[in-house]
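Peer 1: Chain residues, written in single-letter form:
2 protein chains.
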Amino acid sequence: MVIEDLYPSRTDSTARWIDRHDPVVYAKKGAPTTALTQQQIESFEKKGFLIIKNVFSAEEIEDYNEEFQRLADDPILGVKEEFIQEPESRIVRSIFAAHTFSRKYQALTEDPRIRKKVEYLLDEEVYIHQARINAKPGFSGKEFYWHSDFETWHVEDGMPRMRAISCLITMTENKSYNGSLMLMPGSHKKYVSCIGKTPENHYKNSLRRQKYGVPDEESLEALYEECGIEVAECPPGSVILFDCNTMHGSSSNISPMPRRNIFFVFNAKSNRLEAPFGGTSPRPDFIAHR
Amino acid sequence: MVIEDLYPSRTDSTARWIDRHDPVVYAKKGAPTTALTQQQIESFEKKGFLIIKNVFSAEEIEDYNEEFQRLADDPILGVKEEFIQEPESRIVRSIFAAHTFSRKYQALTEDPRIRKKVEYLLDEEVYIHQARINAKPGFSGKEFYWHSDFETWHVEDGMPRMRAISCLITMTENKSYNGSLMLMPGSHKKYVSCIGKTPENHYKNSLRRQKYGVPDEESLEALYEECGIEVAECPPGSVILFDCNTMHGSSSNISPMPRRNIFFVFNAKSNRLEAPFGGTSPRPDFIAHR
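So the sequence lines, in the order shown, correspond to chains A and B.
Residue numbers for the first sequence follow my numbering, so the first one is 22 and each next one is one higher.
Residue numbers for the second sequence follow my numbering, so the first one is 22 and each next one is one higher.
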């Protein structure tokens, strides 16, 4: 069976802009919910992201930070593939799939304060496609270049359609000076294909520093002209929901304050992964649960 | 003759905090001026910097940008030591001493809209200690780690006292997302010595990426606790004045928009350079005019 690829990428020597074929908000317009306000839903549809402050209490966040530290300091866990270090230091940059070895993070993936919002927007039951804690340590946290997550998940993991939402839970202050998430509002409605082919086992380096699967500078300039950039500054305990195709990135962090966030990706059950559209072998389970 | 070193640095294996021995504002309190308001003067004294918007017109700034491009594109000038490239690309990151080979920049160093402000604050005639254009290109502009300029100018150039002011003229939008100047307000009243000794010819690498003469992380954490961080967001044509000892740095720039600023350092004539306090040979004239 040949499946038509609606979102081809990394197949060509020039970038293509493709209109989004999928809804952003899957719920019927005006469908009642207590999970989100109508204004929040409209804003998510328009901008491709939504920032909600004060969702988690200071005590809860302290708890998640302690659990992070316990994991990061564990010498036995530390050798697992799930632990990613900064390119120029040995400091833990990300922990993948913490919910598979921490009960606290497992429970958090089920928290109705996030799940109900996501399930409303996607109008379906969801599962965890990817989970990680992004530590971005102080003094030496490196930037993360512009990308659409969907582009990677489609090409490298075989996610068929745009029916997934990322949920960030802020564990420290996210300020403009410590490498906050930066988003291009409205960019989720265009799909910008990337130039070039993906090499095998690309994920091993790309988690530390990206080289492939990044948009070209000309496309980014045009998107920036159209959308601008919004810096997602917010206090600890906030939730940032963003569509899988929203163009985003983050600057380096030379400030003394780490910018640490929990990152869960919820995918609609009907949107389960197939064979990667780029033709490479599937990435390991801790990066893309199947 | 032995000159006592009031601000020793890079001599020890631990950092020392020394109280500032010098005034911040040298003008007599309340001395009349049309160059600055009393509020601006007080703010500069307290925070160690001052942001003034709309000092230069859009036409003037366009003119300086064109002149920058002309210089950056000149293949003959491009090989000069004054032209500094980004560590990982060949893009021009800084041009030093442009006022020595560009009439436009030479004239700008004399502009009363900046000179009168600086001469009031330092209560003396001044000269250019250092001049540069900091280009910080889009997509790949690298961060500049925390430092007090005075620490370097004292140790490597022999600047005796804190009686110099840096003046930034913004040539593009300076946004929090394109690597704006970040300052720690109030940090100019403490001198934080750096750990370790300076190697010979250190400047050749330090202009591209710093390794020596940077404060230790513990001191930066303490300073941050006390002072916080302010991001100097402002439109093109603004002027940012900051004291030579204000702790500052900047993040990387992955946004498509370059963050380009003209940077002049004015030193009081009575504060002319002596032999470097660190005991190394003086740096070349284009970095520290004598």
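Incorrect hints may have been included.
Because identical chains cannot be distinguished in the list, a pair is counted as satisfied if it fits within a single copy or across any two copies.
What the hints assert, rightly or not - Result set (EDC-like, lysine to aspartate or glutamate): computed pairs, CA atoms no more than 16 Å apart in a straight line:
hint, residue 1, residue 2
1, Lys49, Glu194
2, Lys74, Asp306
3, Lys196, Glu246
4, Lys196, Glu251
5, Lys74, Asp43
6, Lys196, Glu140
7, Lys211, Asp237
8, Lys125, Glu246
9, Lys211, Asp95
10, Lys196, Glu254
11, Lys50, Glu66
12, Lys196, Glu238
Simulated from the structure, these hints should not be mistaken for lab results.
Peer 1: Reference check for the pair Lys50 and Glu66, CA-CA at most 16 Å: within, between, both, or neither?
Peer 2: within (11 Å within a copy, 56 Å between copies)
Peer 1: Within a copy, between copies, both or neither: where do Lys211 and Asp95 come within 16 Å Cα-Cα?
Peer 2: For Lys211 and Asp95, the Cα distance exceeds 16 Å both inside one copy (42 Å) and across copies (38 Å).
Peer 1: From the Cα coordinates, with 16 Å as the cut-off, is the pair Lys196 and Glu238 best called within, between, both, or neither?
Peer 2: neither (26 Å within a copy, 19 Å between copies)
Peer 1: Checking an output row: Lys74 and Asp43, CA cutoff 16 Å. Within, between, both or neither?
Peer 2: Result: close neither inside a copy nor across copies, 28 Å intra and 44 Å inter.
Peer 1: From the Cα coordinates, with 16 Å as the cut-off, is the pair Lys211 and Asp237 best called within, between, both, or neither?
Peer 2: within (14 Å within a copy, 45 Å between copies)
Peer 1: At most 16 Å between alpha carbons: which applies to Lys196 and Glu251, within, between, both or neither?
Peer 2: Answer is both; intra-copy 12 Å and inter-copy 10 Å each pass.
Peer 1: Check Lys196 against Glu254 for me: Cα-Cα at most 16 Å, and say if that holds within a copy, between copies, both or neither.
Peer 2: Answer is both; intra-copy 5 Å and inter-copy 14 Å each pass.
Peer 1: Under a CA distance limit of 16 Å, which applies to Lys74 and Asp306: within one copy, between copies, both, or neither?
Peer 2: neither (32 Å within a copy, 52 Å between copies)
Peer 1: 16 Å Cα cut-off: does Lys196 pair with Glu140 within a copy, between copies, both or neither?
Peer 2: Intra 29 Å, inter 35 Å, cutoff 16 Å: neither.
Peer 1: At most 16 Å between alpha carbons: which applies to Lys196 and Glu246, within, between, both or neither?
Peer 2: between (24 Å within a copy, 15 Å between copies)
Peer 1: If the cutoff is 16 Å on CA atoms, where do Lys49 and Glu194 land: within, between, both or neither? Let me know, please.
Peer 2: neither (35 Å within a copy, 41 Å between copies)
Peer 1: How do Lys125 and Glu246 come out at 16 Å by Cα distance, when the copy is not named: within, between, both, or neither?
Peer 2: neither (42 Å within a copy, 30 Å between copies)
Checked against the numbered hints given earlier, this structure breaks hints 1, 2, 5, 6, 8, 9, 12; the rest are met.
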